[in-house]
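Full structure from sequences and hints, please.
Number of protein chains: 2
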Amino acid sequence: MQQGKQSICFKQAPQILEAASVVGEKEGQGPLGRFFDEIEKDPMFGTENWEAAESASQKRAAERVLEKAGLTRSQIRYLFAGDLLGQLIATSFGTVDLNIPVMGLYGACSTMGEAMGLAAAFIDSDNADHTLALASSHFASAEKQFRFPLEYGNQRPYSATWTVTGCGAVVLGKRGGVAAVTGMTPGKIVDMGYKDSMNMGAAMAPAAADTIWQHFQDFERRPEDYDQIITGDLGTIGAEILTDFMRNKGYDISDRHMDCGIEIFDSESQDTHAGGSGCGCSAVTFCAFVLPRIRSGQWQRVLFVPTGALLSSTSFNEGNSIPGIAHAVVVESVKAEEK
Amino acid sequence: MQQGKQSICFKQAPQILEAASVVGEKEGQGPLGRFFDEIEKDPMFGTENWEAAESASQKRAAERVLEKAGLTRSQIRYLFAGDLLGQLIATSFGTVDLNIPVMGLYGACSTMGEAMGLAAAFIDSDNADHTLALASSHFASAEKQFRFPLEYGNQRPYSATWTVTGCGAVVLGKRGGVAAVTGMTPGKIVDMGYKDSMNMGAAMAPAAADTIWQHFQDFERRPEDYDQIITGDLGTIGAEILTDFMRNKGYDISDRHMDCGIEIFDSESQDTHAGGSGCGCSAVTFCAFVLPRIRSGQWQRVLFVPTGALLSSTSFNEGNSIPGIAHAVVVESVKAEEK
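Protein chains in written order, with the numbering used here: chain Y, 181 to 519; chain W, 181 to 519.
A hint or two may mislead.
Below are the BS3-like pairs computed for lysine-lysine, each with C-alpha atoms no more than 30 Å apart in a straight line [stated by the list, open to error]:
(1) Y:429 with Y:185
(2) Y:354 with Y:248
(3) Y:185 with W:248
(4) Y:354 with W:191
(5) W:185 with Y:191
(6) Y:324 with W:375
(7) Y:248 with W:185
(8) W:354 with Y:354
(9) W:248 with W:354
(10) W:354 with Y:185
(11) Y:185 with Y:354
(12) W:185 with Y:354
FRET-style restraints, in silico, Cβ to Cβ [said to hold, decoys possible]:
(13) Y:181 with W:336: 44 to 52 Å
(14) W:356 with Y:309: 27 to 35 Å
(15) Y:476 with W:477: 54 to 62 Å
(16) W:493 with Y:397: 26 to 34 Å
(17) Y:221 with W:429: 27 to 35 Å
Rather than coming from a laboratory, the hints here were simulated on the basis of the structure.
Just so it is clear, CB atoms sit at the ideal spot from N, CA and C, and this is done for glycine as well.
Have a look at this one:
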């Protein structure tokens, strides 16, 4: 059901049945380490190259979430999935064995928001009983795709983020879940002409502010209506810009804003500079850290807003700006009687 | 509404209000030349690089279809769009000025099927009054992305296809349209281990067969229930494999199968070998050639099945196979009383 100018209020409040997270060793050593379902010490995930490693993380997260939900692959009607690599090859090779019809998605690091929103929409409209949403990234496949060969050992400025190695996956259904997806606000592409690919938080913050502001208008809500407003991977610099932008728009979100990129690493001891990033960053943080707090009732309602920086090495080398995008979903606790 | 194992039957039969196609000079010189809305003789579309040229084709197709439908940008609730380039940069820069919330999609050359299906699903579920679906490709940006620099002048085998330069766009709404989208069958990724990137028709044909076969099961239909079964860009070799596969599965589609890649170029006089390809191939052929025949009542019902080859230069260079995917949508004529 249309809500305001840009949002959707789900009539049936589709539920998240289970979630699973598979991460690399560095993520396992971070502050959220004990919450992840699987920590893989081999950066190659037992494969022959970085891209295949990322595909392996998807496959394991998908298998793990199905196991946790007590469902078989054939019970999942549609898969909504994506990653950062050109032509989504991590997803193509990571999900082929699932044998589930798949909608390939690209929203850069906002992909988990797009995937969860679409997966919920298909449940809500009775077009599916169960859907699967997942997104992944891998530090080494992303460096190869977007930046320098690892062997080059380039210096990274303090504004740069560290791409998370990992995949987060959620299974959605109609009832019997641990949290409900009650709404979504798909985002617009926002281009402020920003060009520094080593400060993607600044490139994404205006898009996050645009989506969050529009969400508040559409649902006639304020920051106080949410226990947490959780962005994807703005990092320390982007997070500050977001709270400033929101303050200028009349909303103080500073006491309830959390950024997955800031939470996932300890920047001082882990040398990750401005924080974590990548599709996997918000996906695994949501699955391992956010969802359990909604499930337990510690948080009644959160706004989950993965954020993406829309660039490629081609567009960057051609001197283009880095537009941003952010897709928001509302996730709420399930009251006992609705379970 | 779920239909069979893998499909959706749209309860409200969302309608295509209008369509627009913008192509390059070579496409304009082909057999379908007179049907396109705009033929641009400058391969750069007035921009400075191939990627920006592709973005320009998206922008012009979007503007043209809105003009034809008599709608403004602000009346389009969501945009479903994609292209072939890494990180969808043709789409990011091509649609940013539209200022419409966008779901970035990647299904290789099957993207227009994914986009039209999702755009219809959001109308059908009352989550939008108007949606826009588009997909593009550009010969030169694709050669640069997937193959060799144009200056290299490499030889192309006869099994290779020629990437179409162009963008097709459709606007969907609830009523008052020229055709109805009555169902969709999202496809699975099918990997037969095929590795020849110069024969993508062969790589995609098994996926097309899988989706079409499943579609027949889900809707309990046979080839005779369709005036045309229209694949995306299998080309001459892929088309033959598809009809063989379908015959082996008990269905003869040979007298009503049409492939956009075969239709769009005259392979002899235009030196395009196995046919056209690219997201733009099925998108512009649908908009310019297929839809008018449904609108006029010449065809009552078609199955439109864009086909995608899931590879990147990285996965190809690493020796990986080329999985295929095909997303089907059912498009029917609108009876006078339903208009």
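Structure-based check of all given hints:
1. Y:429 with Y:185: holds, 18 Å
2. Y:354 with Y:248: Cα-Cα ~17 Å, so holds.
3. Y:185 with W:248: Holds. Residue 185 of chain Y to residue 248 of chain W sits at ~23 Å (cutoff 30 Å).
4. Y:354 with W:191: Roughly 19 Å separates the two Cα atoms, so the pair holds.
5. W:185 with Y:191: holds, 24 Å
6. Y:324 with W:375: Within the cut-off at roughly 23 Å; holds.
7. Y:248 with W:185: Distance of about 23 Å is within 30 Å: holds.
8. W:354 with Y:354: holds, 26 Å
9. W:248 with W:354: Distance of about 17 Å is within 30 Å: holds.
10. W:354 with Y:185: holds, 18 Å
11. Y:185 with Y:354: holds, 26 Å
12. W:185 with Y:354: With a Cα-Cα distance of about 18 Å, the restraint between residue 185 of chain W and residue 354 of chain Y holds, given a limit of 30 Å.
13. Y:181 with W:336: 44 to 52 Å: About 51 Å separates the Cβ atoms of residue 181 of chain Y and residue 336 of chain W, which means 44 to 52 Å holds.
14. W:356 with Y:309: 27 to 35 Å: For residue 309 of chain Y against residue 356 of chain W, whose Cβ atoms are near 33 Å apart, the range 27 to 35 Å holds.
15. Y:476 with W:477: 54 to 62 Å: holds, 59 Å
16. W:493 with Y:397: 26 to 34 Å: violated, 43 Å
17. Y:221 with W:429: 27 to 35 Å: violated, 45 Å
When the structure is compared with the earlier hints, violations turn up for hints 16 and 17 and for no others.
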